[in-house]
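Here the structure of chain A is known, so what remains is to put chain B in place on it, guided by the hints.
The chain contents come next:
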Amino acid sequence: MKQHNRNLFITSMALCFMYSTIFRSVFNLLSGYPQSSNIFNLQLILFLFIIEGINLLLMKLPFKNYFSFMLTEAIISYPIYLVSAYFFHWFDLTDVKMLLIMTLCFAGIFVLIAGHFYRRDREDADDINNLIP
Amino acid sequence: MKVTINQNMEISEDEIIINCSYLDDRLKQLIELIRQYSFSIILYKGNESYHVPLESIFYFDSADGKSFAYTRDKIYEAKESLSDLENRLSTTPFVRISKNCIVNSSCLVKVKPLVNHRLEATLKNNEKVIVSRNYIQLLKEKLLSRGGLI
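Residue numbers (the working numbering), protein chains in the order written: chain A, 1 to 133; chain B, 1 to 150.
Certain hints may be false.
[What the hints assert, rightly or not] Okay, the calculated bits of chain A under chain B, using three or more residues with CB under 8 Å as the criterion:
#, region
1, 92-99
2, 109-122
[To be verified] What follows is a set of in silico ranges between Cβ atoms, one per label pair, in the way DEER data are often shown:
#, chain 1, residue 1, chain 2, residue 2, range
3, B, H117, A, I45, 38 to 46 Å
4, A, I80, B, P53, 39 to 47 Å
5, A, N130, B, E127, 40 to 48 Å
6, A, F23, B, E127, 47 to 55 Å
7, B, P53, A, A14, 46 to 54 Å
8, B, G65, A, S68, 32 to 40 Å
9, B, E127, A, P133, 18 to 26 Å
10, A, L57, B, N134, 13 to 21 Å
11, B, S90, A, P133, 48 to 56 Å
12, B, L138, A, R122, 17 to 25 Å
Keep in mind the hints are simulated off the structure, nothing from the lab. Just so you know, these numbers come straight off a predicted model, no measurement behind them. Built from N, CA and C at the ideal position, the CB exists for glycine as well.
Just chain A, same shape as in the assembly (with noise of 0.2 Å):
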């Protein structure tokens, strides 16, 4: 119940929060402000738009593991990402500094949420293992 309660909450929250935005981006955009964050939202939806393509493709491939799923994940989701950033002009690519924080930050993200995704699944196996005599 509690991890129930758990997922609950964050999938509301998401969910919550990514409508807010996209909604408030496009009533603003067509309401004559063109401010950056405006913009900036909607391309951000349209990146994690593919990088969820992709993750589907990934998941009907035989991983033998979690981790080389995730390592995997990566090393594509990386490349698109920069890709973005060059094309949306999100930062400067020749700016070291600003590359390494950048990509510190994408990092983060990521294993944030391969995490959450990790510990869900790893607690209903542990829910089944308990019930199983």
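Relative to chain A, chain B alone:
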């Protein structure tokens, strides 16, 4: 454990009564085996049909529109679809774990997480079957109902 057997030609139906102070896990397993004992299923190997006791079947799966039953060392064909088997076996320890597999939850040894929110279940014969994400809750409920002997 004391075992008392009353053999009497006048008894029309076999009956097992368990008197215990506490229903522990081992006893629950025993009760489950007894419950399965009363069931057998007709399965086929070529043109020959066999009455196979449910407790000896580890899992059913389907391939090319046919259903197969797997025991420790034999494979039989079932004439029913997995959906029909699922309905028929709903009161037994069998539970659907994916679109093409029904497992005997009494034969589970452990599960471990896989990517894509799936689980890999190891059976008593060391075979491994995949629990799809949509069926994890169903498996939990079946194991819970087994524990409580609902």
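Violated hints - listed by number, lowest first: The structure conflicts with hints 1, 3, 4, 5 and 11, although it agrees with all the remaining ones.
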